[in-house]
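S.K.: Chain by chain, the residues run as shown.
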Amino acid sequence: MKMLCVFSVTDRLKYIGHLDLMRAMQRALRRSGLPIRFSQGFNPHILLSFAAPLSVGMEGMREVMEIPIEGDVSPEMFVEILNQSLPALIRCQSARLVEDSSPAPMSQLWAANFSILPLEYQDEIMAAVPVLLSKTSIPAMRKSKKGMVEIDLRPLIHNVLVKDNSIQALLALHSSGTCKPDLFIKALSQCAGLEAPVPCKVTRKALYTQQFSPLEDM
Amino acid sequence: MDEKTLAAIDRLLPQVEKPARYIGGEMNADIKERAKETAAFAFCFPDSYEVAMSHLGMKILYHILNKQPDMLCERVMMPWVDMSDLLKKEGIPLFSLESRTALYDFDVVGFTLQYEMSFTNVLEMLSLGGIPVLSAQRGEEMPIVIAGGPCAFNPEPLACFIDAFVMGDAEKAIVEVTRLIKRMRLENKPRKDILLALSQIEGCYVPSLYEVTYHEDGTLSSFKPTNDQAPSKIRKRLELDLEHLDYPDAIPVPFTEIVHDRVSLEIMRGCTRGCRFCQAGMLYRPVRERSPERLVELAQKLIKATGYEEMSLSSLSSGDYGQLAELIRELMLRFADKKVSLSLPSMRVDSLLKESLEQVREVKKSGLTLAPEAATQRLRDVINKGISEEDIRRSVSDAFQSGWSSVKLYFMNGLPTETEEDLIAYGDMARLVIDAYHQVPKGQRSPGLRISLSSSTFVPKAFTPFQWDAQDTLETIKHKQKILRDVLKIKGVSFNWSEPELSHLEACIARGDRRMGKVIYRAWQLGCKMDGWREFFKYDLWMQAFEDCHLDPAFYANRERAGDEILPWDFVDIGVTKKYLWLERERSLLGIVTPDCRNGCDGCGLTRFEGACVS
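In order, the protein sequences belong to chains Y and L. Counting from 0, one number per residue, gives the positions in the first sequence under numbering that gives the first Met the number 0. Counting from 0, one number per residue, gives the positions in the second sequence under numbering that gives the first Met the number 0.
Hints are not guaranteed to be accurate.
[What the hints assert, rightly or not] Restricting the straight-line Cα-Cα distance to at most 25 Å, the calculated cross-link-like pairs of lysine to any residue (SDA-like) are:
| id | chain 1 | residue 1 | chain 2 | residue 2 |
| --- | --- | --- | --- | --- |
| 1 | L | Lys337 | Y | Asp181 |
| 2 | L | Lys35 | L | Leu11 |
| 3 | Y | Lys200 | L | Leu11 |
| 4 | Y | Lys200 | L | Thr100 |
| 5 | L | Lys338 | Y | Met57 |
| 6 | L | Lys338 | Y | Arg141 |
| 7 | L | Lys17 | Y | Phe41 |
| 8 | L | Lys303 | Y | Asp19 |
| 9 | Y | Lys204 | L | Thr218 |
| 10 | Y | Lys185 | Y | Ala51 |
| 11 | L | Lys578 | L | Lys31 |
| 12 | L | Lys17 | Y | Arg36 |
| 13 | L | Lys300 | Y | Asp19 |
| 14 | L | Lys303 | Y | Ser54 |
| 15 | L | Lys337 | Y | Lys204 |
| 16 | L | Lys303 | Y | Val55 |
| 17 | Y | Lys185 | L | Lys578 |
| 18 | L | Lys17 | Y | Ser93 |
| 19 | Y | Lys200 | L | Lys337 |
| 20 | L | Lys300 | Y | Ile80 |
| 21 | L | Lys338 | Y | Ala195 |
| 22 | L | Lys17 | Y | Asn158 |
| 23 | L | Lys303 | Y | Pro213 |
| 24 | Y | Lys200 | L | Lys300 |
| 25 | Y | Lys185 | L | Thr218 |
| 26 | L | Lys303 | Y | Gln25 |
| 27 | L | Lys31 | Y | Thr202 |
| 28 | L | Lys303 | Y | Arg141 |
| 29 | L | Lys338 | Y | Ile45 |
| 30 | Y | Lys200 | L | Glu16 |
| 31 | L | Lys338 | Y | Val55 |
| 32 | L | Lys337 | Y | Phe41 |
| 33 | L | Lys303 | Y | Ala51 |
| 34 | Y | Lys142 | Y | Lys162 |
| 35 | L | Lys17 | Y | Gln25 |
| 36 | L | Lys87 | Y | Val55 |
| 37 | L | Lys3 | Y | Arg36 |
| 38 | Y | Lys200 | L | Lys31 |
Simulated from the structure, these hints should not be mistaken for laboratory data. Keep in mind that this is a model prediction, so the values were computed, not measured.
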C-alpha cells in the first residue's frame, strides 16, 4: 500500500530546496518508526514521491506526496505519529491509504492555485490583471534544457481572482505546459508598465487534477 | 529585533545563494523563552554553516547550555560573502539562527577557535554583530566575548579581541562562566569586575590582566599579571570522568547538506601515541574512554532523535579504543535492521583490526584512509609515528582482500630533518599499495583500484616537540611540492597538495604573540576574511598587513627558537611540560621512538593533575 499525504511547508522553511525537503521527510520517517517500505539495494532509502517540487522561497499549504508503507497503520495514526517526528514548520494535514497500483500524484497533476501578494506597486498590479486577461496571447521566454524558448502563457492561465490585496491565480502545472508564478508576475508587471518584475510573496495554496478537483482526492 | 528589521531579513534571504544557511528551524534546534534572568549565550562558529554544523564540540555545548533552566544558547555562524555584504549594505546586524536576535543583544558571545585561518572571521562576525572588535572599546552593556577550542591554547594573537579565554574541556567550565557573567550583569557590576571574577575560574584567561614586554630582537622578555589576583599560570580544564559527562542525546539535523552529515559519537578523548607534530595529541591528554554500554545507549538515542542514516565513531585515534571490536559488533547488531551505516575515521594504520574492517563493510563500503605522514621509516621515527612499512602493507592487503579498492594516504611535507630521499619515497609508497592490490587474485578483489595521496605542508604548532622549529620557507615548500608531483606521476595515482601561502600564514599565526593581533586587525581592515577558503584567501593583503605593522612573517614562521626563549604560550599549563616537549625534540633529532605511554609512564607531566593517568 501507499500513504497519500497532504502537508504544508511554511514560514522560514520556504527557503529550503526540494532535495532538502526530501531529505527532511526521509529522516522524519526514519525517526517516526512508522512501517515504511525501504528500497532494496546497498543504500536502502524510502521511495518518496512528491507531486511537484516547491520553489525556494515559496510556502506550500496543501502539498501532496506518496509514501510506500508495509504493515498496518491507520491514516489518522500515521498523521499523528509523523507530525511528532517532523520539524515544527512542516505539518502533515491528512493522509489516505491507496493501492500500490494507483497512479502517482505527479502523473495526475494538472494545475496549482497560487496566492500572489505584491509587495510594491499594489494598485498598478491589480489594475493590470484584467488587461492581462483580455489578451489572446501572452508571449514569454522560458528556460528549457535547450536554452530559452518562447511560449504562450495565455492558455496556461486557467483563472485569476483579485481578492483584497492579493491575486489568486490558477496556473497550469504539468508536463505539457507550465506557467510558473514568476513568469505570470513578470507578464503582469509588464502589463502595468513596470520595467522589473514586482517582488511578491507567493504561496502555493493547492494542487489540482485535470478535472480541477483537489489532487489528494484523485 | 524589531518588526522592520525582521521584515528586512525576509527580503534579503531570497537574494542569497543558500538561504537555508540562515533560517534555523531544524529538527532538535532549541528555541527557549528568554526571561530577564535568563543567561543568553550566542555560540559563534567563525566559518560557514556547513562547516559549523559538522563540528561536534558545538553540538555538545549547545546541548549542555540549553539543558540549564536558567540559560539559553543560540547559534551564529559566519555568513557567506553574499550575505555579509547584504547585511552591511542594509545595516542589519548579524543575528542568531533560532530567534533572530542581534549578536550584541546576548549576555555572552562565545567563539570556538578550530583553525587559525578563521581568526579574521571572528573580527568580521563581531563587527557585523554590532560589537566593537577591540575588547578595550566595549561598553558596559556589550556582551562578554569569550573563546575556547584548540586554538585558544595560544590565545595571544586574539588577546586584544577576546575578553576571556576558556582552556581545555568546556563541559562544566562554560556553565560556570556563563552563570557568573549573568549574575554579575544582573547586579549591574562593571565589566572590569566581571573580568577579574572570571580570571578566578580555573582554566580561564583574561588577557587584559597581563602585560608583555619584549627584547630588542622581538622575543618575549616577560609575561606577567598586572593584577595580583590574576594567576601567573593558567591550568587547562580537565574532565576525567567522560562516562558521566553530559553528551547530547539529540542534535539539530540540518536541512541543507553539510560537510559531515551524520551522527558522530565521541568514543574517547585524548591520545597517548605521542606523534611529535600533533598538537591535539598533546593538548587533550590523558586518554579517557566512554564505556561500550554508554556509547550504545547514546547511539540508539541519537539515531532515534535524528533519523540519520550514518554514524561515525569519533576520537583522535579510534583504533586504540579498548573494546573496539565489541563496540562495533554491538552497534552493528542494533542498527542492521535500521539501515544505519557505520564509518570509522582517524583509523591508525597499525591498529586496524581485520575483523572490524569486515564488519564495517557489511553495511557500507567507503574508502580506506591511512595516515603514514612520512614515506620513510627514518622520518616516521623522527615524528614518532610508530608505523612500519610492513604495517602499511598488511593493512592495505587486508583491505583489498576484504573487497575494498580505494585507498587514501595522508602525508606531511616539510617535516623537520626531511631530505629529498624522503620525498622520493612517496613513489615507493604508492607502488607498495599497487603491488598489494595486484597480489590479490583477480576474482577476489574489487575492480578499479584508486589511490589518492595528499600531502599537506607541515605547520609547527605550540605545545608540540616541534614548537621551536622553523617551517620551510615558501621557496623550499614549492620546490618540494614540485619534486612530489614529479615522483607521483604514476598511473592510477592522484596527488593533492596544500596551498603553500596558506600554510605559511597558518604557521605565523599559530605561534604568534600579542603583536600578531595587530596584523590580524590590519588584514581584516584591508578586507581579509574567509581566509581558509581558497577563493577568498588574499595572501598579498596579509603580507601588506605585516609590513604596515612592521612585523616580519619569517620571525614567526621560519625562525628556530632557542631552548631558553620565553614562548608566548608558556603561561598555559596543558599538563604536558615544556621540559618534556624539549626532551621529545632531542629524541626526535636522534631518531629515538617514544612508546605509547599506556605501556608505561613516560613522565610527560600530566600526573601533576589530580586523578589523571590513574588506572
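S.K.: Against which earlier hints does the structure fall short, listed by number upward?
M.R.: Result: hints 1, 2, 5, 6, 7, 9, 11, 12, 14, 15, 16, 17, 18, 19, 21, 22, 23, 24, 25, 27, 28, 31, 33, 34, 37, 38 break, sorted rising.
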